[in-house]
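Sequences are here, hints too, so could you generate the full structure?
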Amino acid sequence: MGVERMMVESEGITENVKQWRTDVIQAILRELPMEKVMFEAAEPKAFNWYVREFGVDVNLFVDHSQIVQLGCLRSGIWGMADTFGKIVTYRPEGK
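Going by UniProt numbering, 8 is the number at position 8 of the sequence shown; the sequence numbering is gapless.
One thing to keep in mind: the hints can contain errors.
[What the hints assert, rightly or not] So the derived label-pair ranges between C-beta atoms look like this:
hint	residue 1	residue 2	range
1	Leu32	Cys72	15 to 21 Å
2	Glu35	Glu9	31 to 37 Å
3	Val3	Gly76	29 to 35 Å
4	Gly12	Phe54	15 to 21 Å
Honestly, the hints are just simulated from the structure, not real lab data. Beta carbons are placed, not taken as given, at the ideal position from N, Cα and C, and that holds for glycine.
As structure tokens, then:
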């Protein structure tokens, strides 16, 4: 049957660490397809990184107070210096 969706906590990966453990994220994504994984992004800096690295369709768990920021980032109307105006969400018709 397999996993329906794996949720990955940010603690120890992007939260409360000296350096982000992007190697852990990459190892998870080598074993599971991205659409089966949901990552916690505890702060805008983290969800900005996930969207920049994996695209607007990456599954993220964010605090309810950050939903608008994440939605705007995915739409290309909000971002940090490295992503503002650089996120593309165009999809051909029928996709």
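Evaluated hints:
1. Leu32 with Cys72: 15 to 21 Å: Distance hint for leucine 32, cysteine 72 is violated at roughly 28 Å.
2. Glu35 with Glu9: 31 to 37 Å: Given about 19 Å between the Cβ atoms, the range is violated.
3. Val3 with Gly76: 29 to 35 Å: Taking Cβ atoms as reference, valine 3 and glycine 76 lie about 31 Å apart, which means the hint holds.
4. Gly12 with Phe54: 15 to 21 Å: 19 Å, holds
In the structure shown, a violation is registered for the earlier hints numbered 1 and 2, in ascending order.
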